[in-house]
Every structure is written in structure tokens, then in C-alpha cells.
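K.L.:
Sequence order for the protein chains is A and B. With the working numbering as the guide, the letters of the first sequence map in order to residues 11 to 407. With the working numbering as the guide, the letters of the second sequence map in order to residues 11 to 407.
Mixed in with the good hints there might be a few duds.
Chain copies aren't distinguished; within one or between two, either way the pair holds.
Said to hold, decoys possible - The calculated lysine-lysine pairs, modelled on BS3-like cross-linking and capped at a C-alpha distance of 27 Å, are:
| hint | residue 1 | residue 2 |
| --- | --- | --- |
| 1 | Lys58 | Lys125 |
| 2 | Lys63 | Lys291 |
| 3 | Lys339 | Lys292 |
| 4 | Lys256 | Lys58 |
| 5 | Lys280 | Lys193 |
| 6 | Lys407 | Lys291 |
| 7 | Lys176 | Lys228 |
| 8 | Lys230 | Lys176 |
| 9 | Lys58 | Lys73 |
| 10 | Lys280 | Lys407 |
| 11 | Lys256 | Lys125 |
Worth flagging that the hints you see were computed from the coordinates, not collected in a lab.
Protein chains: 2
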Amino acid sequence: MKKLFLLIVAITVSLTSFGQQALFGGQTINSPEINPDNTVTFRFSAPKAISVKLTGDFLPTTKSTIKFGEMEMTMDAPGTVDLVEGENGIWEYTSGVLAPELYSYNFIVDGLTVKDPNNVYLIRDVASVTNVFLISGGTADLYRVQDVPHGTVARRWYDSPTLNMKRRVTIYTPAGYETSKEKYPVLYLLHGAGGDEEAWIALGRTSQILDNLIAQGKAKPMIVVMTNGNADQQAAPGETVEGFYKPAMMGGGNTTPVASFEASFKDVIKFVESNYRVINKKEGRAIAGLSMGGGHTYGISKLYENTFDYMGLFSAAVGMGDNSGDADKQLATQRDNGFKLYWIACGNSDFLYQSNLDYMKKLDGMKFPYTFCESDGGHIWRNWRIYLTEFVPMLFK
Amino acid sequence: MKKLFLLIVAITVSLTSFGQQALFGGQTINSPEINPDNTVTFRFSAPKAISVKLTGDFLPTTKSTIKFGEMEMTMDAPGTVDLVEGENGIWEYTSGVLAPELYSYNFIVDGLTVKDPNNVYLIRDVASVTNVFLISGGTADLYRVQDVPHGTVARRWYDSPTLNMKRRVTIYTPAGYETSKEKYPVLYLLHGAGGDEEAWIALGRTSQILDNLIAQGKAKPMIVVMTNGNADQQAAPGETVEGFYKPAMMGGGNTTPVASFEASFKDVIKFVESNYRVINKKEGRAIAGLSMGGGHTYGISKLYENTFDYMGLFSAAVGMGDNSGDADKQLATQRDNGFKLYWIACGNSDFLYQSNLDYMKKLDGMKFPYTFCESDGGHIWRNWRIYLTEFVPMLFK
Chain A
11 MKKLFLLIVA ITVSLTSFGQ QALFGGQTIN SPEINPDNTV TFRFSAPKAI
61 SVKLTGDFLP TTKSTIKFGE MEMTMDAPGT VDLVEGENGI WEYTSGVLAP
111 ELYSYNFIVD GLTVKDPNNV YLIRDVASVT NVFLISGGTA DLYRVQDVPH
161 GTVARRWYDS PTLNMKRRVT IYTPAGYETS KEKYPVLYLL HGAGGDEEAW
211 IALGRTSQIL DNLIAQGKAK PMIVVMTNGN ADQQAAPGET VEGFYKPAMM
261 GGGNTTPVAS FEASFKDVIK FVESNYRVIN KKEGRAIAGL SMGGGHTYGI
311 SKLYENTFDY MGLFSAAVGM GDNSGDADKQ LATQRDNGFK LYWIACGNSD
361 FLYQSNLDYM KKLDGMKFPY TFCESDGGHI WRNWRIYLTE FVPMLFK
Chain B
11 MKKLFLLIVA ITVSLTSFGQ QALFGGQTIN SPEINPDNTV TFRFSAPKAI
61 SVKLTGDFLP TTKSTIKFGE MEMTMDAPGT VDLVEGENGI WEYTSGVLAP
111 ELYSYNFIVD GLTVKDPNNV YLIRDVASVT NVFLISGGTA DLYRVQDVPH
161 GTVARRWYDS PTLNMKRRVT IYTPAGYETS KEKYPVLYLL HGAGGDEEAW
211 IALGRTSQIL DNLIAQGKAK PMIVVMTNGN ADQQAAPGET VEGFYKPAMM
261 GGGNTTPVAS FEASFKDVIK FVESNYRVIN KKEGRAIAGL SMGGGHTYGI
311 SKLYENTFDY MGLFSAAVGM GDNSGDADKQ LATQRDNGFK LYWIACGNSD
361 FLYQSNLDYM KKLDGMKFPY TFCESDGGHI WRNWRIYLTE FVPMLFK
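Go ahead and model the full structure; you've got the sequences and the hints to work with.
P.N.:
And the structure:
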């Protein structure tokens with residue numbers, strides 16, 4: 011029986027996948043290997059290569075100029091380092107000590123960007139797929155799967171009469187929701203430009219962060235609703251009738267006026283409140299988003315001006331919202347209706363930092379209450395995960 | 011405002027991912043391009059490469075010898091073809107006309123296996139990740155996301171006192187389940203060796219197949235429960251406290267006696283029947299699985315000998331189940347209790363074909379009723395997807 015089992019293993023592997031030599035005594039490369047001191051060793055087998063480099067968001071950045079139509083900007087780009095060839099054509103590089111974080115990287119072999127064949131953990135960000143790894147410790151422990159009760163993550167479809175389509179949504183319900191009789195508060199969590207209903211779950215580690223904060227008693231059990239904010243898109247790439255098309259930042263959902271998603275948000279709330287056991291009152295509703303989703307949070311919370319008690323604007327593109335004559339009137343109404351938290355977070359090297367300062371100046375002028383959390387760093391997921399870990403414990407208390 | 015939006019797009023892309031040149035007017039490579047005649051053009055930019063090849067499960071196979079400990083077997087391995095270098099270092103290959111199917115492929119650049127950087131659609135199979143694409147038509151239309159009502163796919167955790175752990179499970183509920191008051195039948199769907207609770211959803215296209223068959227009126231609306239059949243594994247790689255470890259066929263869950271998962275199956279049934287609105291009778295229960303999961307189906311359906319009315323053994327490793335003295339007695343009891351369908355499917359070039367024939371000879375001897383569906387081909391996902399499309403319409407009628 012054991013022999014039959016081994017046979018099945020052998021044949022299943024060989025028939026259903028490619029490049030499985032590693033499983034049969036050939037290569038047994040461990041990459042990335044996270045060492046006890048939190049240095050990380052990367053290995054890549056390329057006996058014929060002339061050069062093997064590594065690029066990743068943990069390496070010192072270099073200046074890079076990006077042209078975008080008429081615009082030209084100099085900005086930080088991920089740096090690269092050389093791997094050194096060792097025995098058997100296996101190249102290797104060991105990083106310095108890395109701070110706890112979820113990191114991304116790729117190899118560059120003779121100029122060609124390739125993924126690490128020994129690391130099956132990949133995350134898509136718009137049209138790019140990169141390998142990821144996690145250094146434990148500190149806040150990053152919240153991004154790990156830990157031995158705590160786990161919530162449910164469901165991909166569902168809801169009806170949006172406003173946009174005249176069925177739309178996909180990712181919903182986290184906390185551990186115990188299904189067997190409880192309690193009503194739960196809801197956090198609506200919105201992605202940035204180029205993202206979709208998969209962004210917060212994949213790059214944002216939302217389910218791990220919520221599982222861990224709830225288990226530690228630092229956050230109230232809550233439902234998290236992760237929408238697709240691209241108003242002409244039904245769902246994430248690959249999840250619609252368009253099939254496996256090539257995602258892009260431009261075109262598609264991202265050129266649709268921001269306002270149309272905001273106008274359709276009532277459909278999301280209606281769906282959630284008629285399908286889940288929720289506290290369907292202002293005190294049980296929070297909304298937050300990053301970048302474009304921060305703009306959506308600004309726009310939606312003033313448009314539905316007496317609906318949310320908690321707002322989180324993470325590196326928000328507040329200028330993207332509806333800036334028509336009604337905007338200030340809506341903001342004033344939102345202020346007069348009152349709320350518990352209007353939390354603005356932005357990195358001090360974020361390109362939206364100044365526009366967030368300007369926005370707060372405007373809020374000051376209106377005596378619109380808010381809390382500002384200034385962090386280091388720029389317009390990056392590292393910050394957005396941290397903001398989520400800081401925002402969630404303040405909710406529904 | 012438009013300008014700010016473009017700026018956000020530009021900066022978000024550049025800071026959150028690598029190799030984004032394609033988005034900024036550099037490469038605009040379309041690969042794979044599915045042509046109107048169902049030939050497929052693959053393109054790869056590698057100006058410095060000496061050779062670019064393609065390997066994929068749509069290419070003619072070659073003979074390959076695999077050594078596995080003492081065993082040595084000659085078997086079919088995926089073939090390779092050469093791409094031809096064109097202008098600007100872009101290599102290209104156009105396939106012959108491909109039959110409708112979900113296909114996998116990789117490039118091989120100067121001997122190095124690399125993924126297609128222009129195709130973000132990847133599926134993990136054990137320790138390998140490959141690019142995929144879909145040719146529409148025929149049965150493969152059932153694998154496409156179509157404009158039909160979509161069910162919900164949830165990743166949940168259940169308690170298994172038998173195995174003394176919380177375990178992850180993937181559950182499909184059909185469109186309308188949440189708002190209906192009806193009770194639904196349940197199909198328990200089990201993966202093969204090296205797989206986990208993600209296998210049927212990712213490689214098996216279960217949610218698309220069910221959505222489409224139900225919408226066409228060919229299948230009854232049903233719940234599909236996709237378990238993790240590795241008895242010492244809580245969840246798929248990356249979804250446990252072990253973090254982002256390197257998956258392997260050997261070791262870990264796969265060396266655990268098959269029987270222990272079978273013994274724990276009562277925990278799965280209990281979880282499903284106390285958490286979902288289901289028909290908790292034999293007539294509302296089906297169980298099916300591929301390879302090791304076919305062995306599990308054999309084992310579980312005879313161990314719980316009056317529980318399931320429908321069994322599906324897809325390329326089943328029936329020899330892997332419990333073959334102790336009780337096995338035949340259990341089978342006889344299962345036969346005497348009666349059931350509606352015992353469906354055995356196997357490809358005639360499957361390495362388990364003969365052992366399935368032997369098993370059926372045994373069933374004949376016992377006057378144990380079954381239906382045999384013989385297909386072409388071997389021990390591959392292509393067959394298992396087809397078997398699912400054939401099995402599901404026979405259930406709960």
C-alpha cells in the first residue's frame with residue numbers, strides 16, 4: 011500500500027506539473043531562507059547565467075525617472091543587489107537583518123525578471139506578480155496566521171441596480187459569527203487605483219490582522235466588507251466573463267468617474283444589511299480606504315452624510331472625490347450630524363502628503379473634527395497594513 | 011482632478027510593484043494571445059537570450075524516465091517547442107489549433123524555467139506554479155466565468171475533535187442559497203495526493219462548473235464541500251502557523267495513514283449539517299474524489315456505510331484505503347444498505363486503470379452495483395474536470 015502511494019505521488023507530480031525535479035532528489039533549494047537573526051538568504055539555480063540579481067522592497071532604493079505622458083517624475087525605485095555563484099551553479103545572496111514585514115522580491119537573471127521557482131507564494135498587484143515572504147515580529151506578527159480562531163472569508167456577488175450589474179465582493183466574518191446570535195458592526199474597506207476586491211485580502215493581510223486583533227481582545231469582532239471600487243468592473247481580473255485578460259492600471263474601471271462608485275455604495279450597504287446579522291445603525295458602521303479608496307471614503311461618508319460613525323482615510327486621494335459645489339455643504343452636514351472618528355493617516359514622504367495637509371487645513375477652517383496620524387514612508391502597502399492595525403482597534407468601542 | 015488621478019496611478023504602480031515598464035509605454039506584449047481560430051501565440055521578451063522554449067500540457071508529450079527510490083518508470087512528459095526571435099528581442103511561437111481546455115505552460119529561457127511575465131494567471135499544483143490559459147468551447151465553456159448567477163465561495167475553519175485540530179475547508183454555496191429557505195443537498199469533493207482544500211477550486215474550476223451547470227438547469231443547486239484530506243495538515247500551505255513554507259508531496263500530511271482522515275470525516279459532516287441549511291439524509295449526500303480522494307471516497311462511503319446515496323471515484327486509488335479484514339464486510343453492508351449511484355471513472359492510459367479494473371472485478375464478484383465511465387487519457391486534471399461535469403448532473407435527481 012505504501013508502494014502504491016509512492017507511485018501515485020510520483021506519477022501525479024510528473025503528469026500534473028512541470029519542473030518537478032526538485033521533488034525527486036535533484037535540486038533541493040531553500041529560497042528564501044529566513045535565518046534566525048532575520049537575515050534572509052536567497053538562492054537561485056542558474057548554472058549558465060552570467061549575472062543573477064535580486065530586486066526587492068527591502069533593498070535600499072535608487073532614484074528613477076518615470077515618464078507618464080507629459081508628466082515626468084523622479085522617484086524612489088527598488089534597488090538591486092548581485093547574487094554570488096557558488097557550487098553547482100547555485101547563486102546566493104544574504105540580506106542584512108530585516109525588520110518584521112511582508113516583503114516582495116524578484117530575481118533578475120541576465121537582465122530577465124524572473125520569479126523564485128522555490129517560492130510558491132506570489133501576490134498580484136495590478137499587472138505584476140511578485141514573490142513574497144514574511145519576517146515575523148512586532149506589527150508583522152499581526153500579518154501571520156497564528157494559532158487563534160479564524161474568521162471566514164467569502165467571495166460573494168451582490169446586485170448593484172445603480173451600476174446595473176452584479177458585482178463581486180470579499181467579506182470577512184469573524185470567528186463565531188455563524189453560530190452566534192449577536193449583531194455585528196461592519197467595516198467597509200476600500201482599495202486603491204488598480205486594485206479590486208482581492209487587494210486588501212492578499213496584499214493587506216486583512217483576515218490575519220482581524221483574526222489576531224480580535225483574538226488579542228484589541229478589536230471588537232466585526233465584519234469587513236471589501237468591495238470593488240472600479241465602477242465599470244464587475245469583479246477582479248479573471249473573475250468575469252472577460253476571462254483571463256491582462257490587467258492594466260489605465261482603462262477599464264479606473265477611468266470611470268469616482269462618483270459613480272460612490273453613488274452605488276447604497277447597494278453595497280443594502281446587500282450587507284439584508285444578508286448579514288449586523289448593527290444597521292451609524293454606530294455599527296465604519297468606512298476606510300487607501301489612496302483612491304481614501305478618496306472614496308471621503309466622498310461616500312459625506313454623500314451618505316449620517317451613515318458612518320468611523321472614517322479612515324489612508325494616504326487618501328481626497329482630491330479625487332466629487333468636488334462640485336455640494337461637496338463643502340455635504341461635509342458641513344456630515345460635521346453637524348456628528349461622528350466618533352475621522353482618522354487621517356499619511357506618510358510624510360507620500361506624494362499625497364501635501365494634499366492631505368491642505369485638506370486638513372480646509373477641515374480646520376470648517377471646524378470639522380479629525381485625528382491625524384503622520385507616519386514615515388510613502389504610498390506603500392507597508393503603511394496601509396500598519397494603518398489598518400491602528401484603525402481597527404479604535405472602532406465600535 | 012484627472013491629472014491627480016493619473017499621478018496616483020503612476021506613483022502607485024511604481025512604488026508597489028516591480029517591472030512595471032509595460033504600463034508606461036515600454037513593452038506592450040500580449041501573451042498568450044488566443045487567436046480566433048484557437049491557435050495561441052506566445053511571446054516573450056528576451057533580447058539577450060540564446061534560446062527560448064515553451065513547455066505546456068498541450069504539446070505532444072515525450073517519454074521520460076523517473077526514478078523514485080527503487081522504482082523507475084518511463085512515462086509521458088510534457089514536450090517543448092522553440093520560440094523564434096523576432097524584432098526587438100521578442101520571441102514568438104504560435105501553436106496549432108487547440109481543443110477547448112484549461113492549459114498550463116512555462117517558458118524555458120537558456121535552460122531556465124520561467125513564468126510568462128505578461129500573464130498574471132497562475133495556479134499552484136503542489137510545489138509548482140504554472141501559467142494557465144483557457145480555450146473556450148465545448149465542455150471548457152463550463153470552466154469559464156459566464157454571465158450567470160454566481161455562487162459564494164467561502165474559506166472556513168471547522169473543529170475536528172477526531173484529529174484534535176481546527177481545519178480549513180472551502181465551501182461553495184449556490185446562487186440564491188443565502189436568501190432561500192430551502193434545504194440543499196451536499197457534495198463532498200476530495201482532492202488527490204499533494205493537494206489541499208484549494209485544489210478543486212483552483213485547478214478543478216468547481217465554482218465555475220457548478221455555476222454554469224446549475225444555470226443551465228443541468229444540475230440541482232447544491233453545496234460543495236472541499237476538504238483538506240491530509241490528516242496532519244490544518245490547511246493549505248501558507249494558511250497555517252507554519253507560514254510560507256515550501257510545499258512538498260512527501261512528508262507532512264501525505265504520510266499520515268489515509269484512514270485517519272476517513273475516521274475524522276464525521277467531524278466534517280457534523281460541521282456542515284449544523285452550519286448549513288442542508289438535507290441531512292442519505293439522499294442529500296454525495297461524495298467524490300480524485301486519486302487519493304477517490305480512495306477516500308471508497309473508504310469513507312463504506313466506513314459510513316449508510317450515509318451517502320452517490321459516490322464518485324475519479325481515477326481512484328482504491329488500494330490506498332483501509333484494506334483490513336473489515337473492508338469487505340463494510341463494502342457488503344454498504345451494498346445491502348443500497349444507494350443510488352456508485353460511479354467509477356478512469357482514463358484508459360491512467361496508471362491506476364488496471365487497479366480500477368481489478369476493483370470492479372471484485373465488485374462484480376460481490377454483486378456490488380456500479381457504473382463505469384472509461385475515458386481517454388491518464389491521471390490528469392483535464393479528466394477530473396470532465397468527470398466532475400459528468401458526475402454532478404446525475405446527483406440528487
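K.L.:
Within a copy, between copies, both or neither: which one fits Lys280 and Lys407 at a CA-CA cutoff of 27 Å?
P.N.:
within (24 Å within a copy, 35 Å between copies)
K.L.:
Within, between, both or neither: how does the pair Lys230, Lys176 come out at a Cα-Cα threshold of 27 Å?
P.N.:
between (31 Å within a copy, 22 Å between copies)
K.L.:
If the cut is 27 Å between Cα atoms, do Lys58 and Lys125 qualify within a copy, between copies, both or neither?
P.N.:
both (17 Å within a copy, 18 Å between copies)
K.L.:
Under a CA distance limit of 27 Å, which applies to Lys256 and Lys125: within one copy, between copies, both, or neither?
P.N.:
both (18 Å within a copy, 15 Å between copies)
K.L.:
Checking an output row: Lys176 and Lys228, CA cutoff 27 Å. Within, between, both or neither?
P.N.:
Between copies, since 23 Å is at most 27 Å while 35 Å is not.
K.L.:
Given identical chains, is Lys280 near Lys193, meaning Cα to Cα at most 27 Å, within a copy, between copies, both, or neither?
P.N.:
So Lys280 and Lys193 pass the 27 Å test inside a copy (16 Å) and across (25 Å) alike.
K.L.:
How would you classify Lys256 and Lys58 at a CA-CA limit of 27 Å: within, between, both, or neither?
P.N.:
between (31 Å within a copy, 25 Å between copies)
K.L.:
Using 27 Å as the alpha carbon limit, work out where Lys407 and Lys291 are close: within a copy, between copies, both or neither.
P.N.:
Intra 14 Å, inter 44 Å, cutoff 27 Å: intra-copy only.
K.L.:
Go through the copies and call it for Lys58 and Lys73: within, between, both or neither, with a Cα cutoff of 27 Å.
P.N.:
between (31 Å within a copy, 25 Å between copies)
K.L.:
Cα distance capped at 27 Å. Does Lys339 pair with Lys292 within a copy, between copies, both, or neither?
P.N.:
Cα proximity of Lys339 and Lys292: one copy only (20 Å, versus 62 Å across).
K.L.:
If the cut is 27 Å between Cα atoms, do Lys63 and Lys291 qualify within a copy, between copies, both or neither?
P.N.:
The answer is neither: 54 Å in one copy and 59 Å across copies each exceed 27 Å.
Checked against the numbered hints given earlier, the structure breaks only hint 2 and satisfies all the rest.
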